[in-house]
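Protein chains in written order, with the working numbering: chain A, -16 to 97; chain B, 5 to 116.
Everything labelled a hint here was simulated from the structure, so no lab data went into it. No incorrect hints appear here.
Covered stretches of chain B, going by a simulated chain A footprint (3 or more residues, C-beta under 8 Å): (1) 36 to 46; (2) 50 to 58; (3) 102 to 108.
Even for Gly, the Cβ is constructed at its ideal location relative to N, Cα and C.
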Amino acid sequence: GAGVSQSPSNKVTEKGKDVELRCDPISGHTALYWYRQRLGQGLEFLIYFQGNSAPDKSGLPSDRFSAERTGESVSTLTIQRTQQEDSAVYLCASSPRSAYNEQFFGPGTRLTVL
Amino acid sequence: QKEVEQNSGPLSVPEGAIASLNCTYSDRGSQSFFWYRQYSGKSPELIMFIYSNGDKEDGRFTAQLNKASQYVSLLIRDSQPSDSATYLCALYSGAGSYQLTFGKGTKLSVIP
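Let the sequences and hints guide you as you build the complete structure.
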């Protein structure tokens, strides 16, 4: 079946602009996650959605970052007033309802803030 | 604070040899453990996960978990140049938070 998809694959923006990143999870997966990976670094958790429950926003680095998800479908991550330190690959993952929490990643969006 | 430690490498092994990748963790209550492979410029790909002490085999890959010693390892038998990648260890604590905690990865290079 289809995997997690993300768009755009690459985004170049100017400092101060807003950007919106999109994630389509695997069909039937109830959980969705956003992570950030800076060049040469590990994965940094940003936010988690599970069904209609309140999201876990504990990883969002500032109030410039927000995310939405409608039900168990598409999610968007919005970064307002982008800064150069926001440059990274933004990865989305989804997970089935499972005790083990195995997560499957999309191809990522590479964001470059000039 | 949950921590996952991996040797950054690079770990170089000749083609056909066994590659051994190790990971230690600090959260004794962690429930499940994952190995992801990440090729340069690509996203992580789930290879295996393990949640019980002992070994779990899948093709050329074997994951080993020792909860008492708080380590998890990945063995790759008959290593191929196509196995050259960064291997990320991750854990799920199960303690009310659903994020995975990732190590920074070990870079593996399989020499033809």
